[in-house]
Amino acid sequence: MTAIDFKTLGPAMALILLCVIGFMLNPAFLSEGNITNLLTRSAFIGIIAVGATFVITAGGIDLSVGSMAAVIAGVMIIVMNNSIDTFGAGVTTVLIGCGCSVLLGLGAGWINGTLTTKGKIEAFIVTLGTMGIFRSLVTYFADGGTLSLNFEIRTTYRPVYYDSFFGLPFPVWVFIAVSIAGWVLLNRTAFGRYCTAIGSNEAVAKYSAIKVDRIKTWTYVLQGLCVALATIIYVPRLGSASSSTGVLWELEAIAAVIIGGTVLKGGYGRIGGTILGALILTTIGNILNFTDMISNYLNGTMQGLIIIVAVWLQRGDWTRRSPPKT
Amino acid sequence: MKLKSALMALALGGALGLAGAANAQEKIKIGVSYPTPTHAWAAGMNWHAEKAEERLEALYPDIDLILVNSPDPGAQASALEDLVSVHQIDALVVLPFESEPLTDPVLNVKKTGALITVVDRGLSQPGIEDIYVAGNNPEMGRVSAEYMKGRLKDGDNIVILRGIPTVIDNERFDAFMAGIEGSGINVLDHKHANWNRDDGFEVMQDFLSRFPDIDAVWAQDDDIAIGVVAALKQAGRDGDGMFVVGGAGMKETIKGIMDGNELVPVDVLYPPAMIATAMDVTVAAFKSNGPVAGRYILGATLVTQENAESFYFPDSPF
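Just so you know, the sequences run in chain order A and B. By my numbering, the letter at position 303 of the first sequence is numbered 334, and the numbering carries on one by one without gaps. By my numbering, the letter at position 125 of the second sequence is numbered 218, and the numbering carries on one by one without gaps.
Just chain A, with the same shape it has in the complex (with noise of 0.2 Å):
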């Protein structure tokens, strides 16, 4: 038996493996500014995974997270466009904005948990229609075209995304705090454990005295508080939302998850796994565009051999092993 966990390693192995080709092909990659913005840019998809991998452990799906982190966007414009007049332009309407974003994105996975748990109905088939619905109330709003922030927000609003703090920007904060936050409590506390027995088996944990409902609604709620708080640091980037935001992001963030080697039918998470997911699949994407050898319309190719053999090394132990004790 080899001494290396490959269900551990695996996904590191796969982001150390993919840094040395991008090191490779353009010194230029592993440039302090491609490093920064490599980091940016996963803490979107980051952060709506930490939230995916507690639905995914206790055996649950969203598929709405795009549609959802699209609309609060839209929400956020609207209302912090219209708080101008009241409470001027300054840090006052951008809290506003933030504050209305949390409330909606616990709403909203409220709305999903209570339609999965209480309205048993299953979980893709409530998210596939929140997912409709979402996405075709930010066209709504918008019109069809595009909500723009107003150009004094912006100014407030900008250096949540483009300024740093410590060398590093305050998007990669949020992406450690809400990492950590998860970490703890997925693998230090009472909902965690509980996460992982509903996702092993549900009729066993409720026969253990967990509220199964209960827990299955907190972690579609968590979801959404996640997906506020990636739409809280993704606004100031570009100041807008059309029915074009986050289109497959709840794809991404599944993606991310399921690369970490959390469990896809649930019993089994990792958080620090689903980082170096986001961080995997944002790396594909940015190695892509620093080399012109393979052709672009091959890059959808790329991305679907890399996240299939990141996800293959994990398994190579399997046959020799039984899954690893949680």
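Hints were generated in silico from the structure; no laboratory data involved. Please note: incorrect hints may appear among the correct ones.
[Claimed, not checked] To give an idea of the interface, some chain A residues facing chain B are shown, with a C-beta separation under 8 Å as derived from the structure:
no.	residue
1	57
2	59
3	64
4	65
5	177
6	193
7	194
8	195
9	271
10	273
11	275
12	317
13	321
Given the structure is predicted, the values throughout are model-derived calculations rather than measurements. Glycine included, each C-beta is placed from N, C-alpha and C at the ideal position.
Position chain B against the provided structure of chain A, taking the given hints into account.
What follows is chain B alone, placed relative to chain A:
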């Protein structure tokens, strides 16, 4: 074709003349069918269609324009059937969702004797439409290339951000490349940014990390250009005569050009207002004494500070 629409106009005119004021229902009905606006350009088109409806119906009381938008090709096919069976339209202005699935439905409308005007996206069979109105994708590439050649010199470097991999994108790109050929302008690389602000931002960030010397950017689309400008400003590389050329005619971009924005000094038109042109021409088929059937390929006008005002529609969503 000409004879046909002329005859129809004559017949309708005659019918109207005979009926006189006796029957107010004898209006000329023109159906206008296009995809439900789900992105900014289409929302602009919707706005211009509504404006044209107001204007034309006020001008000609006997013209009734019926605007219908559909969320997918199937729904559009049904909408066309309804326009025939419920409204008994005399003419159809259609911007097909997709060429293939809508060719037959449009052909069926034609069989009822209606005049057919196709906008922007051609049908997959030639000869169905009486009137064709479209923007000019190759011309967009060519006009952008001309502008680049005028501002850049031999040995200058540019990067290109392309749209979604489609025929439209290829036409623009190929014409652009043909346009700058022999000018000595280097294209460092070209990547797809999917006509999307976020992708424009990320692709441009990577271009900036990768290439230390970029003199200009061809973004070919105003949404992509917005992302590009944000990336340039973030990297502090928006000075030194750097400029970005987008395309389409977004109102914010046009406003910037009017105000003398040096980073995005021009725009190349691919106007959503083309639907209004198509409606005008179709109405003219009933009202004008000149022949109107034929193909109308709109120019890809270069919008500069001098002419920007005539392309600025502050109330349009695009």
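Each hint tested on the structure:
This hint holds: residue 57/A has a C-beta 6 Å from the nearest C-beta of chain B, less than the 8 Å allowed. Of the supplied interface hints, the one on residue 59/A holds, with its beta-carbon coming within about 5 Å of a beta-carbon of chain B, less than 8 Å. The beta carbon of residue 64/A comes within 5 Å of a beta carbon in chain B, closer than 8 Å, and the hint placing it at the interface holds. Nearest Cβ of chain B to the Cβ of residue 65/A: about 4 Å, under the 8 Å cut. The hint holds.
Look at residue 177/A: its Cβ gets to within about 5 Å of chain B, closer than 8 Å, so that hint holds up. Hint on residue 193/A holds. Least Cβ distance to chain B is approximately 6 Å, under the 8 Å limit. With its C-beta approaching chain B no nearer than about 11 Å, residue 194/A sits outside the 8 Å limit, and its interface hint is violated. For the restraint placing residue 195/A at the interface with chain B, the shortest Cβ-Cβ distance is roughly 11 Å, beyond the 8 Å limit, so the hint is violated.
A cut of 8 Å between beta carbons decides the hint on residue 271/A: the least distance to chain B is about 6 Å, and the hint holds. Annotation: interface hint on residue 273/A holds; nearest CB of chain B at approximately 6 Å, less than 8 Å. For residue 275/A, the suggested interface contact is upheld, since its CB lies about 5 Å from the closest CB of chain B, less than 8 Å. Restraint check, residue 317/A versus chain B: the minimum CB separation of about 6 Å is within 8 Å; hint holds.
With 8 Å as the threshold, the beta carbon of residue 321/A comes within range of chain B, its nearest partner Cβ sitting at about 5 Å, so the hint holds.
The structure fails to meet hints 7 and 8 from the earlier list, while all remaining hints are met.
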